[in-house]
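Given chain E's structure and the hints, the job is docking chain Z onto it.
Below, each chain spelled out in residue letters.
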Amino acid sequence: MKRFTYIYLAFLMLTTGCKKFLHVQPQQQVDASVAITDAVSAEAAVNGLYNRLGSDGYYGSNFISLSYLMGGDIQWTGSQSAPAQIAARALTADNSNVASAWTAIYRTILSANYIIDIVPGLTDPLLTDAKRNQYQGEAYFIRALAYFDLARAWGGVQLITRPTYSKSDQEGIRRSSVAETYAQVLGDLDKAEALLPVTVNRNKATQKTVWALKARFYLYQRDWAKAESYASKIIDDAANYKLLKPYSAFFANNVTATAESVFELGYSTSFKNGHYNWWLPPALGGRREWAPNGNLVTLLNDPAIGGNRNALIAQTAPPGNLWYGKLYYRNPTGTDPAYLIRVAELYLIRSEARVQQSKLTEALQDLNAVRERAGLSPATATTTGDVLLDIENERRLEFAFEGDRWFNLVRTGSVKNVLNITDPNKFVFPIPVSEIIADKYLDPNLGY
Amino acid sequence: MNRLYPKGVYLLLLLLMSQMLVAQTTITGTILTDEQVPLEGVTIQVKGHAVQTLTNNRGGFSITVPALPVLLLVSHTGYLKEEFTITTLTPASYRLIRNEKNLDEVVITGYSTQNKKLIAGSIQTINSQTFRDVPASGFNQLLQGKATGVQVNANSGVPGGGITFRIRGNNSINASVDPLYIIDGVFISNTDPIQTGLGQQQGSNPIADINPSDIENITILKDANATAIYGSLGANGVVIVTTKRGRLNSRAKVSLNGYHGWSRATKKFRVASGAETALLTNESRINTVKDNPALPPPTLIAEPESQPTYDRVSDLFRTARTSNYEMSVQGGTDKSAYYAGLGYLKQEGIVRPSNFERYSGRLNYDNYLNRQIKIGTSINISRTWRNVSSNDNNPQGVINSAIFVRSYLPVFNTDGTYARYGSFDNHLALINYLGNDAVGWRTIGNIYGEYAILPELKLRTSWSLDNASEYENNFISSLLAAGVASNGSAASYETKNLVLTNEQVLTFIKSFGEDGKHSINALVGNTINTVLSQSTSATGTGFASNDLTAVSVASVRSGSSAQSRSKLLSVFSKASYTYNNRYTLDASFRADGSSKFGANNRWGFFPSGGFTWRADQEGFIQSLNLFNELRFRASVGLSGNQNGIGPYAAQGLWQSGNNYLDQPGIAPSQLANPDLTWETTRQTDFGTEFSILNSRLFVAVDYYNKYTYDLLLNVPVPNRTGFATYLQNYGAVSNKGFELAIRSTNVKTRTFKWTTEFNISQNTNRIEKLASDIALGASGRNISILRQGYAVNSFQLYKQLYVDPQTGNAVYEDLTKEGNITAADRQIVGNALPRYTGGFTNTFSYKGFDLNVFFYFQQGNKIMNMNDFFLVHGNTQANIGFVPRQLERWQKPGDITDIPRVTTSSLTPEANNSAANNYGGNVANLSSRYLEDGSFIRLRTLSLSYTLPASIISKLKFNNIRAYIQGTNLITITKYGGPDPEVSSQSGNQNTAGYDWATVPQPKTIQVGVNLVF
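Chains as they are written, first to last, in this note's numbering: chain E, 1 to 448; chain Z, 10001 to 11014.
Just chain Z, with the same shape it has in the complex:
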């Protein structure tokens, strides 16, 4: 019936019209939402005529029609299509109703908004609802397991610490592999501003400066069709964040949000007891003399069983508290809309003494000056405070000092002072006196203006800034090992990263032809971008007392500063044509000029194209009566990368500061490469999406193939030239993968709903072309290697085949078959990249209760357990204790184990099955026995919330009241033997992933919280 009625009206109108004279009449009106909010950009068509228009920013339209009455077809993405019969010329307002089924129908793509069903690119939008309340400081960390093709890992359990974030694999070797982050149109600096030396870890997550609660949604652009519009910035994918904004004509809504959490380690470090340590030491000393009878008889620790144990590990850990309070207001009048939010987060580290604190404020404001001009702003200001401490190779790090020292050694000297052993500091001294304070101020702001020249043609100009500054003040008191000799030392660093961007975009959107069969969405624009980095540092040593901590009162002081600038100039254009709502053809083009490159090759050109077919619109598909939705996508394109290389990378340079006798000196530092140019990624993507069973099951599948060539590679050059490396375009890396996402509504009744979401992503990374092996990592031990034909982040070690049950000596694979063990026998034995990552979410709601169970998993990555590397040493390290794994050593003939006999023998290190190679010798403990499977599945969040019934809420004059309890990382299933498998201690360099080295493990958190809206 429903369909017949308009058809009837239409016929009637046609009949009437054929009788009338052709005349011209103008109809005016306004399109509003249910909530009386004017809708902008709504398409108005006249049935049977090739005229159409769009509403302006007040929802108004005017359209010329031949005669009355007419049938207006009103459509807008996200709303149900409506038809209105117009019989009079009196202006009227018409309402559109939101299409609740397809709230996410509109997605933000580069520089435009498009109907999701018509997009050819691989784009995924994550609504902030799916990650609310999770106690992580940065929104990038919250995307873990939520989107396909995105690998997210926290590098440590330090609050506000570094995050590994990769979209479809590592594209590069020397240049950056981080995505481009855009928040409300502002290009964000993702440079870690922490200067304090913290080992090889990434000191902070710059994205943690943004309060995740201010976010409305996050869109991830993955394939070339989506990213090519960002040209040279887009090769690693783009993360577009849209923050919350007010709506016109809406009542002020105040939202209060707070939670408290308590965290502990998922698993703590374990070390051998004093008695076990003494026993192992004696055993090794006896064995060593057996191996080499020429040595004097062993000196043994007397009464090893009665050696005391000093528990240092427990001192490290605490039950860390997290508190979070937020308040926001949003609303709008008929001309303006606003959102204002304030937030405070304090997070303690589970390992003392690290802390993170953030104050954040946001103001988003939009104002319609008149029917054609709209201006607005988005401003984020935040202040962060971190108490940082170092990990991995720093013997004066807190964790090192606790786990490396032999457990039978007392923590305090007899006189009560802190005891230190070897090069390790006292862990309690560090916990009590380590003073590394980092205060960051971040301003991200944008001012824009929009001018609707015609309803279809709009010009937008945007001026934005991201100003990140960090002020660090460190004091190492004379009570710490690092401050003893210098009588206290202090450092003060001031760092500033400034990104200035100006953009103009001219957008044209129009449908024409009968029923708007043809529609065009096109834009052209330009960008002017400047990145400025500045830093100043001052250091001082020699302090009169430990209470005087400023550099200015040090007896010896020195300072330094650095500054660099780079600029980018771009023009871009994009056009999308849709025929009959079925076929969409996309094309985009961008030209980028960068100051970083050689004068010969400064400009790069990045085209892309894509095609979508909405098969569900075809009669033959509809007649199958199977698909509610069916869509095929294909795209290909180029994007570029220039991040991560120095701002003056193409120039031949002489470095200053090569002083002698306090006189200024200069020396050559870089060989010129006037041909240096863009690193280019070519990507093809094929995808399909369908929903069946009355839209209850939705499936999306993608296959992609990325090939990055002309890598910006530091190619080794012969040292006889006086240079070690030369930055040139050489080499290639490929990433290929599948992505699968499934959404299912399992049960849906009036009171009960159960939905399941599952996603899994697979990526295969391979270095296709490389000048020569690049080995690095683990402080000169070169455990990580980049080699042609293998994935990045590969590990090279001596492969232990077994421990000889007769001799107890380790036997390694003799790769060269020359009968002995030499450096050439090191081989690639795995890599740190997961083969699969994914998430599995089940949501149950019953009346006011919501239960959410979210698992994250990754499979196939290896972790180099450096704690075992150092602490399973067979007593070759006199100053270092043991971990319990050492107790599994071979002891007598017939023992089957992978931990060889303990000894410090150094005889015949070249021989395989020689005692020397058990822990030292040529192998130098670089054995695959410390490389472990890092796969895991973890109950990332489990939350139960209760929303008060609407009847009670309205009585209390509230909009919404919700309380919840949530657990994070409650269960972790893994074979990994270290404290936690989600770890990357050497994350400061993208090519040294997958190390676990004296790093804070992930916290397990329980929290309770409440949301109030009124």
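Okay, chain E solo, but in the shape it has when bound:
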């Protein structure tokens, strides 16, 4: 009977051509082997890379929320335990929000690695050298940003610089040190700087975007002189970058990509930012599970401290009277930008770098530029310590909903006295436990 079956099978193969019959190709996806083959698909891959950077897990909402929930000014009003843990700064290694940020960042790195690997070898005549360089430069820039975020959030990580073609790729790679991770960031930034054009594009990486990130990078490295000089490169470009007045001018009334922005991710109906859903109260169609706590509301509403930055918050109708954040408010279109680098940050970077280089007067000028825009009187601090504290407090309100607070406190060490966290192990997030299980080459962060 078996032989008969095989004969029958052979007969069928001849008649219906079953090999062809069983070969079905998708329509909404494309096979990996033919994903990037020409100028058009290379551009699509770069768009996909920005999409990954702005995905829900990364800058879309989750990654930045780790920072502002950890920072002590934002409360969690929902019932799920993962964000509740973050807001209580009692992270465990199985925290699902931490894990999804980790996942999202490495997914972004994968896209960048593909572009860096494949684009140089494309032979499409329509792919000009300028475009070829730009695509690679953008990939290097985003990879630098991704490793920068991994380093400041988790410490030294595994450095993956080649795309994954099969499951066994990337085996055996162990974690690098923090210094090595930052060295990778700098290497990528240098390459990006060499490849990208000197243009202004607030939604995509250019050489200017690289300078702005370098300013932040050197601030984290405590290389004050370089931080100052790279910040100056942007601040001095006053024709393109300036502090808008009032504070709300960079986000209110549906504006996007204003002169305030050095780098922001744009969203559209085909790529939505779901962030507003967590901030807006139910009456405005959201869940308000992230909300400014009492301290932050008091500070923002204090005319001498918050100034016109009280535009960031509003109150629901009585009898609720609940305060909510309204930096992300475009419901239901979901087109709120994700603000990655604003010129205000470069002023505050330069201010701090200058304090550290004992240039107090210039430092105060930068700080006061930000204060003045917020409708505040100039700072009165006179000592190095006081000015640094003023800068820290200025950042707290200036970037209240932009995920700066936690990383900034950890960077300066203020996290000890501000948030009472003394165990240095807790200055970084836990490596997700699911990752530790899946990867025998990955060591956990101590203390988790």
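Simulated crosslink set (SDA-like; lysine to any residue; CA at most 25 angstroms straight-line):
hint, chain 1, residue 1, chain 2, residue 2
1, Z, 10290, E, 75
2, E, 272, Z, 10485
3, E, 272, Z, 10669
Calculated from the model, a selection of chain Z residues having no Cβ within reach of chain E, i.e. all distances over 10 angstroms:
hint, residue
4, 10069
5, 10385
6, 10461
7, 10511
8, 10544
9, 10750
10, 10769
11, 10799
12, 10884
No wet-lab data here; the hints were simulated from the structure.
Where a beta carbon is used, it is the ideal one built from N, C-alpha and C, also for glycine.
Quick look at chain Z alone, frame taken from chain E:
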């Protein structure tokens, strides 16, 4: 005497024949039934000679014999064996009489029909009589408690809603665990077509598109010997449905059937009153400050006792009506037979506003073109309409909005508008304005042709289609919370699932040897199968008014579409050999090629074998004079599974739609696995069946052992690769179990009959091999877990040992013995799979009266009561009310209870016996105190019917008149504290069973109905 007579004739014939010369003579004739219907496939043998033949489709035969007279032995399954003495050559017709004792002797097996007594596989046939009139929309739901080895549960009380249906346990983790449904030879799509977001529930039961009244019987294939012929589709068991067909030469019979039913909830939700809620709130606020004196003094609700109570729960429920009307005609001429049926069912949900409505039509037609060729068709067309609403984690679901809101808060604002609290909508607004309409059209059709090349050799070709389309139109008005900010939103979805199947089967049936000692039943065939899924959706927001509800008039619109295809190519063969009616050896083989798998491993091969021994045919058994029937079966085989994984699962893919700044973007989405192949289930089955006491007691016992390996598992890969999971063949699951069925005729007199049927099935499920734990469920709370060494559908929670009578704080088991409570102390505390399921039916008939009492039971499953999880929160949820269980909290030293002291303290959450962990802290309320025993026994149906006496009926020119009254779910005995223990709110994923989360409970129904046949 009876036996002596033929023997005498036989001897006489032998004597005569020995005197005659050897000559050749051909006898012709026709075999008919009592009702003059020609019988096809009847075996004709000549006593004492090795010649035999089968009748053709007109009942005719012709056989060559040496000389006259001869004795013809005529046998056919389902009929009494007859012997006819032939003395002349004149063609004549002979009658066979139905064997009333063994009407169910013939069963449908994969691609063939076989004598039940000779089958080696575990197969059970359920006659539609046993589930007629039950007000359930899908036939799969009707099998609950009727067959062994089959677990059937309705996931909710929503009419037309999802059903959990498992044959011998869960075989898989990522791939499908649903059986293959075949209706009149058509492979049916069981994909839920509802796209509207309804929480984690399965939105609909696609099987509800079929009118159960059109069904003649249902056969369930359980073991490998029975299912291996379906190869890669058969691992989860096969449900073969045969619909009613007309008979040749039968008078047209018209049947009218109608009933009306009224349903209410078996038990409603209960919430704490306004005064109780205020009291608990104040108590918690006082306790919290006691726990942490650094806090400011508590602000209390003034006069808690005089807080009003607004009853929202009563608004949810209604007495739901069910109406069902059916008409069918069946009959046949000498060449053709027909069955036509029309049906209408309307069923209201007991919780507003869900509804289900079905119009169904069926036409089955068979025509004999000539003696050799028969063609026919089966067509089912139905239209369903559902009004759907969401459950579980959607705060804007109807039930959530009614039970979660604190009961002292008014339903309306002072200005008369709907009041909303927190993220919850107003339940009345939802009941009045929720507009989720789903209209489905289903066409299941089949055209076949049969060509009898020889009487023993038959070729059948069949072309079939299952076209399921669903058109959903939703409008969320600006009066609902979800539509406020967007000024109304609308969505329109069009979904299509198409299954095309072509099959050819060549069947060979022949007996040979003296008295047909050897008989062979063999077949070979092939299948070509294509599955196509398409969907298009359009959404819009911003409407000028709530009367304009179409997406097309929205101010902001967007759309999307999806399409996928998969193909399957198969060849199969089966052979069964029976010796002397005693021993049967079965073997089958199937080869499947699937487009879903990697080029390296596309083909799978599924063999099986089985053996049956009819011990009752042996002399030594017969001499015991004990057994009327005794049979032993054993089988082993492989079957496969490929359902439930994506159509392009083996390919490395880049996903489109990763756009940026409205420019198209692509990004890697799936890692290639060119080695991906079939998930395989190896099953062994041992069974025995016997009947004793003059066939009044029948017992069937089965033991099976299933081992599923090479699971199609999403194995987590390190995220540094840029991917989270990788679909590969890894892991194993086992299911082992016993099945017992007993049928007994307790009393049988001329006017009174009492029969009892009892069945019980036990299954033990275990994950044998898994890469790492997979935790999921309850919207990110990961209460369900898959872990090696445990059953699927296990729950992981902090195990509450007791509530300290002194402090009132909950004490949990410190699994790690490190002195504090951390995530590592979560443990598996039970699972959602019942250990035993079964049914118990008693039927009494006296003259025209029939009383049927049917109990269903299941034992050993746990239910995670998410309503308690949320509503017993010690006031940690400011926007959420309480259920009465919260009132059982600890209040003063010495109180013994399992509900800890109410507080919202968050100090020292790592400490065991800390107030923080009562409702929050590290435990985050993930406590085993909300996991309850879900065992129950329920009076599933109780029906009393009266059939008018034949004398009156014939005077009225009717064939049959029957009226009945029936109750469904009248009594439920359970320890479960929620509304109903038959529930599974997160049934959209097979691995998150056993949750009760703001879900419609089962209805309790009373109905009256009448059947007329003329």
